[in-house]
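Protein chains: 4
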Amino acid sequence: MFKVDLNADIGESFGAWKKGMDAEVLDFVTSANIACGWHAGDPVTMENTLRIAKNKGVAVGAHPGYPDLLGFGRRNLNASPAEVKSYVTYQIGAFYAFAKAAGLEIQHVKPHGAMYNMAAKDIRLASAIASAIKEFDSSLILMGLSGSRLIEAAEEIGLKTANEVFADRAYEEDGTLVARTKEGAMITDEELAIKRVAGMVKNGTVEAITGKMIALKCDAVCVHGDNPKAVAFVKKIADTFRADGIEVKALR
Amino acid sequence: MFKVDLNADIGESFGAWKKGMDAEVLDFVTSANIACGWHAGDPVTMENTLRIAKNKGVAVGAHPGYPDLLGFGRRNLNASPAEVKSYVTYQIGAFYAFAKAAGLEIQHVKPHGAMYNMAAKDIRLASAIASAIKEFDSSLILMGLSGSRLIEAAEEIGLKTANEVFADRAYEEDGTLVARTKEGAMITDEELAIKRVAGMVKNGTVEAITGKMIALKCDAVCVHGDNPKAVAFVKKIADTFRADGIEVKALR
Amino acid sequence: MFKVDLNADIGESFGAWKKGMDAEVLDFVTSANIACGWHAGDPVTMENTLRIAKNKGVAVGAHPGYPDLLGFGRRNLNASPAEVKSYVTYQIGAFYAFAKAAGLEIQHVKPHGAMYNMAAKDIRLASAIASAIKEFDSSLILMGLSGSRLIEAAEEIGLKTANEVFADRAYEEDGTLVARTKEGAMITDEELAIKRVAGMVKNGTVEAITGKMIALKCDAVCVHGDNPKAVAFVKKIADTFRADGIEVKALR
Amino acid sequence: MFKVDLNADIGESFGAWKKGMDAEVLDFVTSANIACGWHAGDPVTMENTLRIAKNKGVAVGAHPGYPDLLGFGRRNLNASPAEVKSYVTYQIGAFYAFAKAAGLEIQHVKPHGAMYNMAAKDIRLASAIASAIKEFDSSLILMGLSGSRLIEAAEEIGLKTANEVFADRAYEEDGTLVARTKEGAMITDEELAIKRVAGMVKNGTVEAITGKMIALKCDAVCVHGDNPKAVAFVKKIADTFRADGIEVKALR
Chain X
1 MFKVDLNADI
11 GESFGAWKKG
21 MDAEVLDFVT
31 SANIACGWHA
41 GDPVTMENTL
51 RIAKNKGVAV
61 GAHPGYPDLL
71 GFGRRNLNAS
81 PAEVKSYVTY
91 QIGAFYAFAK
101 AAGLEIQHVK
111 PHGAMYNMAA
121 KDIRLASAIA
131 SAIKEFDSSL
141 ILMGLSGSRL
151 IEAAEEIGLK
161 TANEVFADRA
171 YEEDGTLVAR
181 TKEGAMITDE
191 ELAIKRVAGM
201 VKNGTVEAIT
211 GKMIALKCDA
221 VCVHGDNPKA
231 VAFVKKIADT
241 FRADGIEVKA
251 LR
Chain C
1 MFKVDLNADI
11 GESFGAWKKG
21 MDAEVLDFVT
31 SANIACGWHA
41 GDPVTMENTL
51 RIAKNKGVAV
61 GAHPGYPDLL
71 GFGRRNLNAS
81 PAEVKSYVTY
91 QIGAFYAFAK
101 AAGLEIQHVK
111 PHGAMYNMAA
121 KDIRLASAIA
131 SAIKEFDSSL
141 ILMGLSGSRL
151 IEAAEEIGLK
161 TANEVFADRA
171 YEEDGTLVAR
181 TKEGAMITDE
191 ELAIKRVAGM
201 VKNGTVEAIT
211 GKMIALKCDA
221 VCVHGDNPKA
231 VAFVKKIADT
241 FRADGIEVKA
251 LR
Chain U
1 MFKVDLNADI
11 GESFGAWKKG
21 MDAEVLDFVT
31 SANIACGWHA
41 GDPVTMENTL
51 RIAKNKGVAV
61 GAHPGYPDLL
71 GFGRRNLNAS
81 PAEVKSYVTY
91 QIGAFYAFAK
101 AAGLEIQHVK
111 PHGAMYNMAA
121 KDIRLASAIA
131 SAIKEFDSSL
141 ILMGLSGSRL
151 IEAAEEIGLK
161 TANEVFADRA
171 YEEDGTLVAR
181 TKEGAMITDE
191 ELAIKRVAGM
201 VKNGTVEAIT
211 GKMIALKCDA
221 VCVHGDNPKA
231 VAFVKKIADT
241 FRADGIEVKA
251 LR
Chain P
1 MFKVDLNADI
11 GESFGAWKKG
21 MDAEVLDFVT
31 SANIACGWHA
41 GDPVTMENTL
51 RIAKNKGVAV
61 GAHPGYPDLL
71 GFGRRNLNAS
81 PAEVKSYVTY
91 QIGAFYAFAK
101 AAGLEIQHVK
111 PHGAMYNMAA
121 KDIRLASAIA
131 SAIKEFDSSL
141 ILMGLSGSRL
151 IEAAEEIGLK
161 TANEVFADRA
171 YEEDGTLVAR
181 TKEGAMITDE
191 ELAIKRVAGM
201 VKNGTVEAIT
211 GKMIALKCDA
221 VCVHGDNPKA
231 VAFVKKIADT
241 FRADGIEVKA
251 LR
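Sequence lines, in order, name chains X, C, U and P.
Read left to right, the first sequence gives residues 1 to 252 (our numbering).
Read left to right, the second sequence gives residues 1 to 252 (our numbering).
Read left to right, the third sequence gives residues 1 to 252 (our numbering).
Read left to right, the fourth sequence gives residues 1 to 252 (our numbering).
Treat the hints as calculated values from the structure; they're not laboratory data.
The hints are all genuine.
A pair counts as met if it fits within one copy or between any two copies, since identical chains are not told apart.
With a straight-line Cα cutoff of 25 Å, these simulated SDA-like cross-link-like pairs (lysine to any residue) come out:
(1) K18 with A82
(2) K134 with I52
(3) K100 with S131
(4) K18 with F233
(5) K54 with D137
(6) K217 with E156
(7) K19 with R75
(8) K134 with I157
(9) K121 with R74
(10) K100 with S80
(11) K18 with E47
(12) K229 with R180
Next up, chain X with everything else stripped away, as it sits in the complex (with noise of 0.2 Å):
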């Protein structure tokens, strides 16, 4: 039977600034990757995210991130393969305590923004994250873009992965996304978003920007829990999917 998992970038609340609609987004995906305070999110709100994830029935992840609180962690930042390896795995040492403290497994750790992109192509930034990830505990799943380097990083060294593909984008025959400031690039018509979906999960391929069948897997996909539309999409994905006969579930 075929399955995948729905996925979902939560707990970036800050402080006093609140985002998303986590609780709602919650009961539709299947696992959740938490912001760990350098991007976004702070003590108080992993440990209450935590909690939340744990009463729906969510599987967590690790969602760390650059120290750049004020670009959100969505901008290059040019640290050290060194340098991001020990970011990562400060970010999975103070999500483990709050994962241990509300009595979860961490399932997976999936690098955010600006670290995934960068990492997606760069094989030493993903080797050093995927290092991280080993080091702290070897039986973590690993999630990054479908095909990219840091799921051949991941794999080299034996760590389980989880090939992403995100819904609302256009794909390159290389498999990497068509740039945002291209034409095409963005998916828009749902139906046509989850159609798209369900033939990678069912047959590993997707059509690309230029037409070609091209190969790619989806172990998961991303989803957002922004506002309310995107929330839905993430209902009538999930709806769609189990109704095609999808298994939607956790990676573990």
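Using the hints, position chains C, U and P against chain X.
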């Protein structure tokens, strides 16, 4: 046989800023309190510091502090007990990840600066810190000011404790430290300082500033590694203790 | 003729985190206290907020706070008067640069949150803040809690002042705010709140929580723009004042 | 007569962390680039540093950097030109407040580290920085890498410029610095370094790493004050210049 732990706060560099003679003082102390990135320290520094501590065979502890890099965690901050509990959990977790990667076990947790001082007097803060430690690992030792609320809070929930004393400070009759602003607060005579601590270790007593002998437990002595003179004093106190029949060893 | 200033704290977004209905509340207030990046706000937010304030013709003031983004500047921090003076100087300067670029003059400075509250009671802190303002520009107005040490410190060195009152708070006989934890601390009846402030403006008096009438100057009223209800109240207080012969205008 | 400015980055301490031999190097340089709290420095440090600069009669400039305390502003950060413009405005303003309190005029602005290097090559960043400076005070001098985009952007909008050279670095034929990773990138022979700079000042030329003589303007030489050897070199370069008919003086 009598025994005591000598410990120093280390790992207090931050990014490009270096601080402390960590490698030197680690030759003489038996335990190290390592900053966790909130008042001092950073992931790369934590990783390096743990490696040095391991090489020197020194027991390690997390040294969590307030989120006040600018004030080095030395300024009272009116964070709630729930916030402080989360802050301590976060920092212990981050520290744990580096200790694990280095193949070291955490021996103890000692709050830093203003958090240490505030919790020494405030049972709600003290209990919050003790709970954070216990929920993470109930075998950890809480190191706090001898006879203070920190020790009381830890004992109440069954945590092991280390009563810490300061060789260079005078004590009031109630066992609290004489305020630095008061005359006679600092014990500047090294011989006297060592003699006083030896008395605490052997008899569990010390002469208060009033002249009265008071009870004061001493499991650990706080020493410093900021400068060559401080490091020389650490060596001297260790040598004197050993010559005096006091074993200098880590808490565990 | 009677007159009073209505002011709100705005510009409290930070990076990706949005906060407050700034554009809406600026339709009704006469002065805006704009965060300077330490407890809230950031350079891009400051720039945008000043542009909006200019378009709406609202007078602007710097709203410096403690270096506590995580606590939104609301937690007491034991910084020395010399440190606080430097912090205020820094933030006023940063604010000045954006005001200058926008072609606006700074009208006033109002400390934020814990800095406001601590300085209201501590003459050393209050004097430090007043000195920072005076050294930067002796024509600036210091806005502080009516009758507090902030006002006293400003008057002592010849700074202009704005005595600020809170429409939704009860007062003790000595003119200090009734602690929020005490019953009756909040004035929840909007009509009553407005009536009380009108009395302060016209007669310089208000009924303390004990029932006794006390003297209380009112140059400015602190209002909020966090939510639609708060904004509606600001409109209501402005309309009622105008109908009641009280001119609502900026301090200058 | 020939003349040149010698300048050093100072005021780089942060809170409890001390850095640099500021007082010593200020005896020999003619201009000081003072950190503004984002990559280094803090309000108290800025205030103290400006006081020392004033006592020594050294001209002062703002030294704004990226919001990367952990990386000392040395890591490329993909902030947008609009963000960088706001960041520079903020830091110049903060610096201005302390200069004003000290009774000093700002002479120049020199971006720090990664911001300096990125803007040297990126005209959009360079223009953003030049605009921020001009909008604050059009009489300020922008100091940047000799012949770089920073100089070009400043000239384009009519800002005064200071072409800066590095005594200890080799140059490519196009006037850019030879990458540190390349052999021969560093000029380690002090006599040669001084002779090269004297040539730039007198003839506006220098020998590129290829052996070819190239044009290179030199209004200012960047020197360092990190350690006793560096400070001794500053004295030596100043003495040699003076003996060689080159006046060492501030830009204004």
